[in-house]
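Single-letter residue listing:
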Amino acid sequence: MRNIEWIAAAELDAVPQDDVIGVEVGGRDIALYSVDGEIYASDNICSHGHARLCDGFLDGHEIECPLHQGKFDVRSGKALCAPLTEDIRCYPVKIEDGRVFLALA
Amino acid sequence: MTTPSTVFPTGVSWETAGTSRIPFKVYTDEEVHKQELERFFYKGHWSYVGLEAEIPEPGDFKRTVVGERSVIMVRDAEGGISVVENVCAHRGMRFCRERHGNRKEFVCPYHQWNYTLKGDLQGVPFRRGVKQDGKVNGGMPADFKVEDHGLTQLKVATRGGVVFASFDHEVEPLEDYIGPTILQYFDRLFNGRKLRILGYNRQRIPGNWKLMQENIKDPYHPGLLHTWFVTFGLWRADNKSELKMDAHGRHAAMISTRGQGGKAAQVTQVPSFKESMQLNDPRFLDIVPEPWWNGPTAVMTTLFPSVILQQQVNSVSTRHIQPDGHGSFDFVWTHFAFEDDDDEMLQRRLRQANLFGPAGFVSADDGEVIEFSQEGFEQKPFHRALAELGGRAVDLHTDHMVTETLIRGMYGYWRRVMEEGGGPRGSTPQAGGAEVSQ
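So the sequences go chain by chain: U and S. So for the first sequence, the working numbering puts the first residue at 462; every next one is plus one. So for the second sequence, the working numbering puts the first residue at 6; every next one is plus one.
Hints are not guaranteed to be accurate.
[Said to hold, decoys possible] Keeping only pairs whose Cα atoms sit at most 27 Å apart, straight-line, the calculated DSSO-like set for lysine-lysine is:
| # | chain 1 | residue 1 | chain 2 | residue 2 |
| --- | --- | --- | --- | --- |
| 1 | S | Lys199 | S | Lys160 |
| 2 | S | Lys123 | U | Lys539 |
| 3 | U | Lys532 | S | Lys136 |
By construction, these hints were calculated from the structure, which means they are not laboratory data.
Bound-form chain U, shown alone (with noise of 0.2 Å):
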């Protein structure tokens, strides 16, 4: 079995309460997420219109896009709502020694 390959994406405290930043990682544009005093991480593109979710304004657990209103749920990388048709991809994250590190692969 392959061990997973675990990648510095940031420090903890750089991703603001309720709130989203942007981070490039592995040479892909991440969005981490802090809901709670959870972090998850998504692909930072929007799948709709190119827009990134960064930008946009997370409602819990629900990142919208700044360019269409389009919601995702940052856990699971849902699309809920028109005029999305598509999922994005969200990634494993582990918190260790006050870094967020992600699973790529």
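Use these hints to put chain S onto chain U, whose structure you have.
Just chain S now, kept in the frame of chain U:
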């Protein structure tokens, strides 16, 4: 004899109470034209927008017009048909440029306002502003509601695979609008069979749009103007003919039958009028009678104001009249076939379509005479045209082709709507304009 006081009169002045003398001003005046758009295309009337077969799949759309307003006919995700105005609710841009296509949604490219296929606004970029250095800048006011800013949605009606739309949501039902007399000819052609699109012709004709309606309400020009018809025996003075119009005089059908009851021998064995002239390719006249004709070999139906429905032997098409100012219109032909046609019939319909369209052996003549008519009107705007063949009254039913009654009928309706100020509703043939007899 009229004694005109000026070459360029103001307003439209009819010489008589009837409509047998039609002032050139109805074709040349820009104000009249705008009033026509208001009253005939944007209020109280249905306009043709297309055929269901043009947009079979969800997301399929066709850009077209109602009057001079660009609209999009689209099949939505649920399979219904919507018609929305092609003007963005934000800054008014005519956002859709493609004639046909398939979309999941409509997006205006200017600021990416984003609409469902039914025209509901769903997303507005930066509606909640842009985050910068921990604060949010700009965005729409808190009371902005997407529900208030959709595309204009038209009322839609379909019958037999034909799609009509109206900006007027109070317009009468399509069947009432067409009326029972003309509806039977509509249903004869569009009797529920699925349609198959063969292709399009488009042409811009530099003449007033009404001239095309008149052209197909004028049954006596084909044997005179269209020498091709005569030369090759498709038009004969002894054709059995009928003219019918709806109770308002606005729609009409020209019904003609070659020979006795459309027997194959007499329809197909067409002797050339000029024996010395033969078609190099006789397949243009390879006519096969079809059961659904129920007799008539040609029925030309004019639905006021926007469309002509053509059955000329085996060639069937819609011809959409799209005004562009008082002196010009686009004429868009949609040639179709029926789903149950075999290949031979399909080829036959395609070949016979060579008679029609902008370069058609027959129809090319019509575009040209309409252009030359407009030229005459523009240089002599104080004058009027004469439509007195067959008398000066409007006969709702005529059993011959030697009359201009359908033109008089249309202008009877035109005068009632244009002169009485109240719009089309409640207009009856008796309420002014030409005298009507049945």
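Status of each hint after checking the structure:
1. Lys199(S) to Lys160(S): This hinted pair holds, its Cα atoms lying about 23 Å apart.
2. Lys123(S) to Lys539(U): holds, 24 Å
3. Lys532(U) to Lys136(S): holds, 17 Å
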